[in-house]
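Chemist: Assemble the complex: chain A is given as a structure, and chain B must be docked to it using the hints.
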Amino acid sequence: MSLSNDELAALVASDIPDGSFVNLGIGQPTAVADHLRQGSGVVLHTENGMLGMGPAAPDDRADPDLINAGKIAVTELPGAAYFHHADSFAMMRGGHLDICVLGAFQVSATGDLANWHTGADDAIPAVGGAMDLATGAKRVLVMMSLFTKGGSPKLVTDCTLPLTGLACVDRVYTDHAVFDLGPDGASIKETFGIGHDELADRLDVALRPRERKSDA
Amino acid sequence: MIVCESTDEAVAGVEDGSTLLIGGFGMAGMPVALIEALIRQGASDLTVVSNNAGNGDTGLAALLAAGRVRKMVCSFPRQSDSWVFDGLYRDGDIELEVVPQGNLAERMRAAGAGIGAFFCPTGVGTPLAEGKEVREINGRRYVLEYPIKGDLALIGAHRADRAGNLVYRKTARNFGPVMATAATTVAAQVREVVDIGAIDPEVVITPGIYVDRVVAA
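Protein chains in written order, with my numbering: chain A, 1 to 216; chain B, 1 to 217.
Isolated chain A, as found in the complex (with noise of 0.2 Å):
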């Protein structure tokens, strides 16, 4: 079987090494908090300032003061900090951060990511901190719908849209694989529900060859 929404954010969440600092794109990635290990220290950071984010804050615990980057209200976990908006991105942009997890639209398979313009001509551009966690995260993780409704494969050689990173994404998350990238191109590091040889067939992108861990 193809994995939930909700299995995906399970396994990135298992993938994140304990005491990680940590930050989740808005959208799906959101759903990774969820599934977080209690005790596991991860520290999840939002660009708006701050470091220390806890869930969602209850409607009567609504502070408009608090909030994440997709300005939802939210809650402050023990030891947090604030910090103004350039201080945010620059420990974004200094390699301070170890893992950010995004949406996607397209990926190449050596890592240039598409997330921020549908590259429809009426469509209104709006980027915000899209390209700095792509360029500043030490690794970046995607999260993505491996087709698009209409069936076409978002993993692709070259993306169409316009890009949001040059080969800064390590590895994708997808609901029926996921994928290792880098400068040689894109290797399957497990599958679910398909087998490696459709897979490929139904993936217009070379795959690198690569030991089978895990073939549902």
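Simulated from the structure, these hints should not be mistaken for lab results. Do not take every clue at face value.
Straight-line Cα separation of at most 20 Å, EDC-like style, residue types lysine to aspartate or glutamate; simulated pairs [what the hints assert, rightly or not]:
id, chain 1, residue 1, chain 2, residue 2
1, A, K189, A, D59
2, B, K149, A, D15
3, B, K149, B, D81
4, B, K71, B, D16
5, B, K71, A, D122
6, A, K138, A, D180
To give an idea of the chain B side of the interface with chain A (calculated C-beta under 7 Å), a few residues [said to hold, decoys possible]:
id, residue
7, A12
8, G13
9, P100
10, T122
11, G125
12, G131
13, R140
14, A172
15, V178
Distance windows between CB atoms, simulated [as the list claims (entries may be wrong)]:
id, chain 1, residue 1, chain 2, residue 2, range
16, B, R70, A, S40, 27 to 37 Å
17, A, G39, B, E202, 27 to 37 Å
18, A, I72, B, A117, 28 to 38 Å
19, B, A117, A, D6, 10 to 20 Å
All values derive from a computational prediction rather than experimental measurement. Ideal Cβ placement from N, Cα and C applies to all residues, glycine included.
Modeler: Below, chain B alone, put in the same frame as chain A:
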């Protein structure tokens, strides 16, 4: 440093064509009362630098709706509640410069710190670096980015003392401290103004040297 009696006093003298730095991330830290005063003051043909391009119908969105803004410089204009900006943009009634969020902050930081320009890795190879100088330094490529300086910054803070020292609250700090360094005149809207000595110097985030006008609102 002046402790203003009114928000109107805090925004007096803004000229048409000015560049305004407006604090806030969404509505957190947004100096809504100062923006309302600016709408009354009447300055137009403004360039506004802010992370977003207005939420709902208040604050920055109201300034946009009043037709006072010629150009927005921001990282993330499009949101679920940015209908005012969206309409202006689709009708061709406003210019837009999209800047990666960290570059927006760092370009203002550079303006406030006397930096002429800086090489930044963010955006290399993307449409937002088109036309900009790219240089390879120690094997990595960087884009040349220039400072963003404002004529006036309008920021929201939690508390000020009569010397203009500011403290913020939680994530409402966001762009305030950076914008406070990057404009010729800085006006801060705060929840309360306290006497000199009432803020522990160890917790001051924006020292009063940067602040020209404060108003409780």
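Chemist: Given the range 27 to 37 Å, decide if the beta-carbon distance of R70/B to S40/A lies inside it.
Modeler: violated (49 Å)
Chemist: For the hint on R140/B, does the least C-beta distance to chain A fall short of 7 Å?
Modeler: violated (10 Å)
Chemist: Given the hint that K149/B pairs with D15/A, test it: the Cα-Cα distance must not exceed 20 Å.
Modeler: violated (43 Å)
Chemist: Does A172/B meet its interface restraint, that is, does its C-beta lie within less than 7 Å of any C-beta in chain A?
Modeler: holds (4 Å)
Chemist: Are the Cα positions of K71/B and D122/A separated by 20 Å at most?
Modeler: Roughly 18 Å separates the two Cα atoms, so the pair holds.
Chemist: Quick one: are G39/A and E202/B within 27 to 37 Å, going by C-beta?
Modeler: Given range 27 to 37 Å: holds, Cβ gap about 32 Å.
Chemist: Restraint: G13/B near chain A, CB-CB cut 7 Å. Satisfied or not?
Modeler: G13/B check fails; min Cβ-Cβ to chain A is 27 Å, beyond 7 Å.
Chemist: Would the hint on V178/B be counted as holding, given a Cβ-Cβ threshold of 7 Å to chain A?
Modeler: Holds, about 5 Å.
Chemist: Are the Cα positions of K189/A and D59/A separated by 20 Å at most?
Modeler: violated (41 Å)
Chemist: Starting from the hint 28 to 38 Å, judge whether the C-beta atoms of I72/A and A117/B obey it.
Modeler: With a Cβ separation near 36 Å, I72/A and A117/B satisfy 28 to 38 Å, so the hint holds.
Chemist: Under the criterion of a CB-CB separation shorter than 7 Å, is G125/B in contact with chain A as hinted?
Modeler: The hint holds - G125/B has a Cβ within 7 Å of chain A, the shortest such distance being about 4 Å.
Chemist: Does the structure keep K71/B and D16/B at a Cα separation of 20 Å or less?
Modeler: Within the cut-off at roughly 13 Å; holds.
Of the numbered hints listed earlier, those contradicted by the structure are 1, 2, 3, 7, 8, 12, 13, 16 and 19.
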